[in-house]
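Protein chains: 2
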Amino acid sequence: MDRTDPLSATFSALAHPARRAILARLAEGGTTVNVLAEPFDMSLPAVSRHIKVLERAGLIQQEKNAQYRRCTVNAAPLRAVASWTEQYRPIWETRLDAMERCLMALTENLDDR
Amino acid sequence: MDRTDPLSATFSALAHPARRAILARLAEGGTTVNVLAEPFDMSLPAVSRHIKVLERAGLIQQEKNAQYRRCTVNAAPLRAVASWTEQYRPIWETRLDAMERCLMALTENLDDR
DNA sequence: ATGTTAATTAACACAAGCGTTAATTACAAA
DNA sequence: TTTGTAATTAACGCTTGTGTTAATTAACAT
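First to last, the protein sequences are chains Z and U. Position 31 of the first sequence, counted from 1, bears residue number 31 in UniProt numbering, the numbering being contiguous throughout. Position 96 of the second sequence, counted from 1, bears residue number 96 in UniProt numbering, the numbering being contiguous throughout.
Incorrect hints may appear among the rest.
Quick list of the computed label-pair ranges, beta carbon to beta carbon [to be verified]: (1) Z:Pro-17 / U:Glu-28: 27 to 35 Å; (2) U:Arg-70 / Z:Thr-4: 30 to 38 Å; (3) Z:Thr-94 / U:Arg-49: 39 to 47 Å; (4) Z:Gly-29 / U:Lys-64: 49 to 57 Å; (5) Z:Ala-21 / U:Ala-27: 28 to 36 Å; (6) U:Val-35 / Z:Tyr-68: 51 to 59 Å; (7) U:Leu-44 / Z:Glu-86: 26 to 34 Å; (8) U:Gly-29 / Z:Ser-48: 44 to 52 Å; (9) Z:Asp-41 / U:Glu-86: 47 to 55 Å; (10) Z:Pro-17 / U:Arg-89: 16 to 24 Å; (11) U:Arg-49 / Z:Glu-93: 37 to 45 Å; (12) U:Val-35 / Z:Arg-89: 40 to 48 Å.
Hints are computed from structural coordinates only; laboratory data are not their basis. Every residue, glycine too, gets a C-beta built ideally from N, C-alpha and C.
Full structure from sequences and hints, please.
Shown next as structure tokens:
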């Protein structure tokens with residue numbers, strides 16, 4: 001089975017909290033690898049690899065400027081995730097899961113008082 | 001870093017095309033493991049494990065009935081993905097990526113004729 | 001030239017993911 | 001009770017992911 005399709009790469013890239021944190025930071029504006037690495041309790045090479053994963057998934061871009069690599073967010077894969085998720089909107093709007101039925105029941109009880 | 005948070009589990013579960021296919025099939029209605037496994041060129045135990053991954057991520061539920069396990073979609077994690085993605089809507093609505101700038105340029109050229 | 005800074009690559013260790021076949025559990029039906 | 005069906009677990013192998021430290025590349029600055 002093909003596990004190298006773009007959507008799989010995107011979901012896979014987003015499956016690590018450090019990479020989502022990097023993305024969140026970049027949403028506020030592009031910056032360099034060292035700045036991105038600073039808040040993490042992790043070595044620089046580790047962060048560098050996370051960035052590479054994001055780049056290979058097309059979620060970010062790196063442009064060289066002297067010895068710096070400025071990273072910026074690339075929106076397309078996020079849109080793909082959004083549209084994939086939209087496909088399930090009918091389900092999450094109509095169908096209540098177990099927890100929700102439980103919350104509904106609790107709310108009803110509160111209303112009864 | 002905590003890699004067992006719910007969102008990571010969800011993205012991780014969605015990162016495999018077989019699991020997304022299983023989810024798509026279940027969106028049409030709950031069914032059993034064997035039925036889910038049928039379209040795949042993969043052994044039953046393999047599919048069983050994919051189902052377990054989806055279940056541990058909270059994306060599906062299994063209810064036992066005799067020797068059958070009926071699987072159904074659970075919407076909550078999908079909503080979480082949607083709302084995580086929404087956070088980046090401003091970016092993907094305003095920011096054009098490289099490919100898009102390229103398409104824009106092409107369109108402009110066409111208009112010029 | 002030499003040293004400093006930014007970032008990556010190399011080499012390694014260890015855990016997790018994904019697939020297989022064979023064995024096992026749980027239930028139904030004859 | 002035996003047989004068949006649904007599904008999981010066991011045991012294994014292989015690949016990928018994630019982190020480390022040490023070494024290396026690339027560019028700037030003195």
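Hints and how they fare:
Distance hint check for Pro-17 (chain Z) and Glu-28 (chain U): the Cβ-Cβ separation is about 33 Å, which falls inside the suggested range of 27 to 35 Å. Between Arg-70 (chain U) and Thr-4 (chain Z) the beta carbon distance is about 33 Å. The supplied range of 30 to 38 Å therefore holds. Checked against the hint of 39 to 47 Å, the C-beta distance between Thr-94 (chain Z) and Arg-49 (chain U) comes to roughly 29 Å, which is inconsistent with it. Distance hint for Gly-29 (chain Z) and Lys-64 (chain U): a CB-CB separation of about 52 Å, consistent with the stated range 49 to 57 Å.
Checked against the hint of 28 to 36 Å, the C-beta distance between Ala-21 (chain Z) and Ala-27 (chain U) comes to roughly 31 Å, which is consistent with it. Range check, Val-35 (chain U) to Tyr-68 (chain Z): about 54 Å between beta-carbon atoms, so the 51 to 59 Å window is met. In this structure the hint that Leu-44 (chain U) and Glu-86 (chain Z) lie 26 to 34 Å apart at CB holds, the actual value being about 32 Å. For the pair Gly-29 (chain U) and Ser-48 (chain Z), the supplied restraint of 44 to 52 Å holds, since their beta-carbon distance comes to about 46 Å.
For Asp-41 (chain Z) and Glu-86 (chain U), the hinted distance range of 47 to 55 Å is not satisfied, since their beta carbons lie about 29 Å from each other. At roughly 21 Å, the beta-carbon separation of Pro-17 (chain Z) and Arg-89 (chain U) lies within the given 16 to 24 Å, and the hint holds. Between Arg-49 (chain U) and Glu-93 (chain Z), the C-beta spacing of about 30 Å breaks the proposed range 37 to 45 Å. Evaluation of the 40 to 48 Å hint for Val-35 (chain U) and Arg-89 (chain Z) yields a failure: the beta carbon distance comes to about 25 Å.
Of the hints listed earlier, those the structure fails to meet are numbers 3, 9, 11, 12, in rising order.
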